[in-house]
Amino acid sequence: MSNEVISELRKDYIYNLMIKGEREDGRAFNQYREITIDTNVIDKAEGSARVKLGDTHVVVGVKIQPGTPFPDTPDQGVIITNLELIPLASPVFEAGPPREDAIELARVTDRGVRESGALDLSKLCITPGEKVWMVFIDVHVLDDGGNIMDASALGAIAALMTAKLPASRFGLGDDSVVPLRDVPVSVTAVEIGGSIMLDPSMDEESIAGTKLTVTSNQAGELSAMQKSGVHPLTTEQINYIVDIAIEKAKEIREKFLVI
Amino acid sequence: MSNEVISELRKDYIYNLMIKGEREDGRAFNQYREITIDTNVIDKAEGSARVKLGDTHVVVGVKIQPGTPFPDTPDQGVIITNLELIPLASPVFEAGPPREDAIELARVTDRGVRESGALDLSKLCITPGEKVWMVFIDVHVLDDGGNIMDASALGAIAALMTAKLPASRFGLGDDSVVPLRDVPVSVTAVEIGGSIMLDPSMDEESIAGTKLTVTSNQAGELSAMQKSGVHPLTTEQINYIVDIAIEKAKEIREKFLVI
Amino acid sequence: MSNEVISELRKDYIYNLMIKGEREDGRAFNQYREITIDTNVIDKAEGSARVKLGDTHVVVGVKIQPGTPFPDTPDQGVIITNLELIPLASPVFEAGPPREDAIELARVTDRGVRESGALDLSKLCITPGEKVWMVFIDVHVLDDGGNIMDASALGAIAALMTAKLPASRFGLGDDSVVPLRDVPVSVTAVEIGGSIMLDPSMDEESIAGTKLTVTSNQAGELSAMQKSGVHPLTTEQINYIVDIAIEKAKEIREKFLVI
Amino acid sequence: MSKPEKLIADGVRLDGRKPDELRPIKIKVGVLNRADGSCYFEFGGNKVIAAVYGPREVHPRHMQKSTSAVVRYRYNMASFSVEERKRPGPDRRSIEVSKVSREALEPVIFQEYFPRSAIDIFVEILQADAGTRTAGINAASIALADAGIPMKSLVSSCAVGKIDDTLVLDLNKDEDNYGQADMPIAMTPEGNITLLQMDGHLSRDEFREALEMAKKGCTAIYEMQKSALMEKYSSQIEGDNNE
Amino acid sequence: MSKPEKLIADGVRLDGRKPDELRPIKIKVGVLNRADGSCYFEFGGNKVIAAVYGPREVHPRHMQKSTSAVVRYRYNMASFSVEERKRPGPDRRSIEVSKVSREALEPVIFQEYFPRSAIDIFVEILQADAGTRTAGINAASIALADAGIPMKSLVSSCAVGKIDDTLVLDLNKDEDNYGQADMPIAMTPEGNITLLQMDGHLSRDEFREALEMAKKGCTAIYEMQKSALMEKYSSQIEGDNNE
Amino acid sequence: MSKPEKLIADGVRLDGRKPDELRPIKIKVGVLNRADGSCYFEFGGNKVIAAVYGPREVHPRHMQKSTSAVVRYRYNMASFSVEERKRPGPDRRSIEVSKVSREALEPVIFQEYFPRSAIDIFVEILQADAGTRTAGINAASIALADAGIPMKSLVSSCAVGKIDDTLVLDLNKDEDNYGQADMPIAMTPEGNITLLQMDGHLSRDEFREALEMAKKGCTAIYEMQKSALMEKYSSQIEGDNNE
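Chains as they are written, first to last, in the numbering used here: chain D, 1 to 259; chain B, 1001 to 1259; chain U, 2001 to 2259; chain S, 3001 to 3243; chain V, 4001 to 4243; chain L, 5001 to 5243.
It should be emphasised that the hints constitute simulated quantities derived from the structure, not laboratory data. On a predicted model such as this, the values are computed, not experimentally measured, just so you know. The reader is advised that the hints may include incorrect statements.
[Stated by the list, open to error] Examples of chain S residues toward chain B, derived with CB under 8 angstroms:
id: 1; residue: I3049
id: 2; residue: A3078
id: 3; residue: S3081
id: 4; residue: P3088
id: 5; residue: E3112
id: 6; residue: L3126
id: 7; residue: M3151
id: 8; residue: K3152
id: 9; residue: Y3178
id: 10; residue: S3203
By construction, the Cβ of each residue, glycine as well, lies at the ideal position given by its N, Cα and C atoms.
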């Protein structure tokens, strides 16, 4: 995606550091950059969060409105996750319909929430077959400093944790909290020249052969995974990433996402 | 928009004339080109008008159909104004979705009608919250000779003045006239090298630094304004334009738009 | 469309053969290539057919679902025919919205079915004004060996002949066969240098000045026609094509489309 | 209008025409200032305007042809041209009509005179009443001549249809809605067919008869097209003499 | 909120402001890492962020101008910025707002310094509360300065409206919904008007008064814009001295 | 089908398979005339066809890479391939599937042999029954070989899922709808994982076990892919000898 914005010299520099077991910002291979999460930053949204993950900056807004259920799940609410890589956030992003990178990020963010069962969709039913709550999770990327994936997933769950069902606005009774029952956390690793690092910076991401995102739940079990990028991974690498991702997710959850 | 179609020589010619207080077609600075308005030119439309303003030629058709009101105005009719700069009308127009020029023209035409209160939207309600009259104002530009803006606005109000609500066709009682209660007129001025001229020709428009459209109502008061173009205007220039625009609108209204 | 993929040498070769009354594959001018039709090839579709016409290969799937009738035909079912020239089928096809060739093929296929009255639309009404059967005929072209037109039309009628109304799946009673009352067959001729040939191969199609498709029904009467391409035809040529097309359609119908 | 009992009675159609009678035609040449050539064409209730630009540069450039001009044709219906408002922009029908209309005119244009150029034909349907594509081709043909595009001949176009088992020339909207067949053609003065479409139901013999009827209609239209161009041309000559 | 009985009483507006009082403004300069210049701007309930990239290469290349930079402006509302979720992507309103906002800023940019280049301005509305276009222009103006784009001056923007027959500065959402007129302007420090739109109902005299009121509002905003830039600049100087 | 009480009983699945058993596979190589390489692949109820064109010129040209071929992959579902008719054209799901499928195959293609070229892979799903992406990758891998594209190895793909708390190979549609987890992978014969996705619920240990089960499935598929290619190759040799 952003291959062009990093010079060959810089690539060599990072690569050589890596061989010595170091990263450009001095982090350990399994160390995240500084995380800041502020919630309720957008009053007009039913839930919202601003996440800063190092230089990466995303705002996630959750809008909730009544709508029609899907025919095959008449008694379940609907989650719709959207992510835009707007040109404000990076010189390499372009205006226009979302491209495959943005679509993949949106869909993996969505699966993290959906497959972990974090949202109890059956509690989002208003009238079976007719009216359910539609939960729109919109991820707005403002600054791409690398690893948008984890920032988006963090923002999505943090925004949901503070979101309200706006029942009173639609004459549907009192407002209530969104029925959350798990707190999934996504952890992304990159493989660079055989080494595995967590939470890649933009430069690291741009020279990585492949990324693996592992989303795990409160029980320390897997909810979603996605390999992205052309370099293959060995079974050992995958198992290693899964192990540290689950641990790291636990750490992040306990530190930033206490209900 | 059409900067490219006018040669440097021609620009100089017009500019030099202007310095002498003259225009290429001999008009006074505050004089309009010849206006011709024919109404009921399209039988299939509920209202229609063909406007010729000098070399500029537009046809406006008004279609009226029942539809659903907007949720926030359940007891009001809906106005939808559309304008296309079709490639038939000028060598510089292109096929495809409307571009910013066409969108601006459509929206300013729309605001002229809407903000003047010309249409009594509450009388366009059929069943509150369920069914209202949708008034589609479609401006079809056939020949761009400059100042499409004023020709469109003239065509829109002239078409509305002759339009009927086609109630009988939809089994909703007898046809009736469209509930009009004002006759807004848009007057556009351009600023060229510090001078102000009304009703720019195509060449004048293409060398003008900026345009100001002023829409005023029967009471001689302002309903809508739009500055378009990159050159700034001084307060004095704006006040001057507002004054002559209101007068000119009165003249045009009395001559061409008698109910 | 595919002018570019055939070399000048090859054009000359075919042209010279044609002057001697021969075709590249040895066929007579009014002879079709080998036809194979397999039906019920897609279990998920309500009806389906795979047609091989020489090197040309299409799969037609018919999906049938309840939907809303058009306002002006409240008691009639709806036919929607779609055809895609997907890039898998030819080096000259491109991804993206269907282009004029694909749209023309789809619309002529549609008219063949529709105008012959093959489908009794009044029997596809479920609740007048509210619910009717929507019959989607989707033509998937897999290999373009020339004369996609006739292969599509054959596939469409063959798929319809085996299609079922899936009433039980929608709680609308028992499944039943689609109400067919005619078997239209399209026959396409090309004009090359004054000669008329049926069922053009890809190379013949690409050098032909014009095509004429004639769809006729069981009674040997005309249901639809379409001239396509820039070369004019004389009255004599047209009458000749109509005559042989009706005969050829009869042959094909009797051999391949027995109800 | 709901389906009338009879569309033709005693050889007279609902609008008073005989079976082989065209609707009234009104032609104005050169009605637009910006276009290189233009024509306003009324054909019964159809009101269409055609404009021609070119030969001119081709954008995007990859559409250029190295040995001839590219001819482009855009048939477009105004939103207000029909009973039910039409959404602006091209739909599948207008894309097909544009294609066959272009192919109806290409054979008479000397495209090889203008390699790497475009000849753009724009046809706007301001009011539609059955037969818009034929009205558009008639208008476009005149607009091409008005633009000075070298042509082998004009092209003329009209339809034949079948109503109440009778072949009739030039269907109007009601006849089209409730008729049994519709067959638009376009033709050069030499009788070469450049457009032929048909839908509905015609026997082989009816088809032959319909084709002959349509050709007569085209011949009549051709005379009107020629007159309209001659009139404009001669008035220009006069104008030149008066100067 | 449904229409309140009065929007202003005893010279005090529903949110407690006086007629000629702006909503609170909060400015942060240089909030983004990737952009060449950026600004976060809170204007009452509006939260907007502007980024500037450039001068940089123009893609697609045919948009290049040979003698000056191309200025592009993309105003975009986040889906969650409004009460009813907005569909992502540009609509007709945002295309118009982008156009007039770009024209509000172009006069102060030395475009001729950067032929064949692009100066891209992106404005994201994270939360909307009436006046988003004016907030966006204020933010963009600072972001341009932050990006080091040579400018003749800043541009400042605010609206004047009419509620209960009274002219008031800087409408909030309720005043906008239930008011009688809204008139956003943008202005250079010298008093040149670079944006002017108006809709609703104003007499000629009200208009003149409104324009003066708006100009005063712009002047006040200009001071805040200047301070915010000075603050960032001086903190940088300090930072440099501390090194 | 509504949710059955049990998806697996006594170690036997509803379709009669054992937990680690693949659905029947049918492979035909070289089924298309126009494509450079092609493969028809049936995988249980899935019917997919893959075509490969290339190396060939890249359009639009700005997508060219100067040091290697561009690999493009278009996964597309026929409208009639599923129970509810699918609207034609790409949707968000198919764009994601295309991306990860391309990335599953790129590692085995010698892209650097063909700078400035494109290798285009088209996969059409004619009938879908869970596992379409894995069927598509298997088909595409063979089509690449059939097209003579130089490859390090084939790629094989299948999924492991969890139903009734039991890990099973290669979910069918009902198992997918009512199961607890689905994990498609793709693998080279050397065991390198080129695609890995997962959703649902798996413990760490289940994941490890699932990965091993999937690898066994891929190995079995690899043998079938090889046989299909060998068969075509040897029949060609025979054909050549007979000439």
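(request) List, from low to high, the hint numbers that the structure doesn't satisfy. (result) Result: hints 5, 7, 8, 9 and 10 break, sorted rising.
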